[in-house]
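Note that this note's numbering has the sequence shown beginning at 1, numbered continuously upward.
A few of these clues could be false.
To be verified - Cβ pair distances, simulated, as ranges: (1) 135 <-> 5: 36 to 44 Å; (2) 178 <-> 48: 45 to 53 Å; (3) 170 <-> 48: 40 to 48 Å; (4) 112 <-> 73: 33 to 41 Å; (5) 112 <-> 150: 39 to 47 Å; (6) 39 <-> 96: 21 to 29 Å; (7) 20 <-> 83: 29 to 37 Å; (8) 32 <-> 83: 37 to 45 Å; (9) 124 <-> 96: 20 to 28 Å; (10) 72 <-> 32: 39 to 47 Å; (11) 134 <-> 87: 20 to 28 Å; (12) 27 <-> 134: 41 to 49 Å; (13) 68 <-> 106: 20 to 28 Å.
Honestly, the hints are just simulated from the structure, not real lab data. Just so it is clear, the structure is predicted and the values come from calculations on it, not from any experiment. Yeah, the Cβ is synthetic: ideal placement off N, Cα and C, and Gly gets one too.
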Amino acid sequence: MPPHVRDRLTGAATGLIAELGWAGVSTRVLADRAGVTPGLVHYHFSSLQALLTEAAVGALTQLVGGVEALLDQVQSPEEAVDTVLGALSEHDGNDPMSLLVTETYLATTRDAGLREAVGAVLGGFRERLTAWFAERGVAAPEATAAVLAATVDGLLLHRALLPEPEATAAVLHRLVAVRS
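Turn these sequences into a full structure, and let the hints guide you.
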């Protein structure tokens, strides 16, 4: 059975956001990529912006969910850092997911609804990290989770421009070290 039209539209949108940038995606280009008529875009979504938001937030939610699932498989804070960095290593800063994240973050500066939706995904991830760190005795778990999440975003952004320092894991291990 072919994918549902909404799924085809959101799938096309995530690819186009990465390829063309948020502002480069038009209803016509999106419909062409999804293999539907432009009228179906507005039949299934209230606006192009609503479609792009749903697509991007869905992709971010899936990405974060994958990292959270990996955290369930490790015990120590250091293993958590290594796991998060390992998940990040799948992205070079110029791959479609990296570009989608970068474009979406940029678009949040101009769209309050998108900013709220992306903030909810990021907030949920930080809450999960906070609880995970607190259970393992990491000092200042909320601040540590915020710094680690921001570091991941920063590393992803920088990868497109510069190679990552080899000592990144060691620095982050010190951040999460449990002090007796």
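Hint check results:
no., hint, result
1, 135 <-> 5: 36 to 44 Å, "holds (43 Å)"
2, 178 <-> 48: 45 to 53 Å, "holds (48 Å)"
3, 170 <-> 48: 40 to 48 Å, "holds (45 Å)"
4, 112 <-> 73: 33 to 41 Å, "holds (37 Å)"
5, 112 <-> 150: 39 to 47 Å, "violated (21 Å)"
6, 39 <-> 96: 21 to 29 Å, "holds (27 Å)"
7, 20 <-> 83: 29 to 37 Å, "holds (32 Å)"
8, 32 <-> 83: 37 to 45 Å, "holds (39 Å)"
9, 124 <-> 96: 20 to 28 Å, "holds (23 Å)"
10, 72 <-> 32: 39 to 47 Å, "holds (40 Å)"
11, 134 <-> 87: 20 to 28 Å, "holds (21 Å)"
12, 27 <-> 134: 41 to 49 Å, "holds (46 Å)"
13, 68 <-> 106: 20 to 28 Å, "holds (24 Å)"
In summary, the structure is inconsistent with hint 5 from the numbered list given earlier, while agreeing with all the others.
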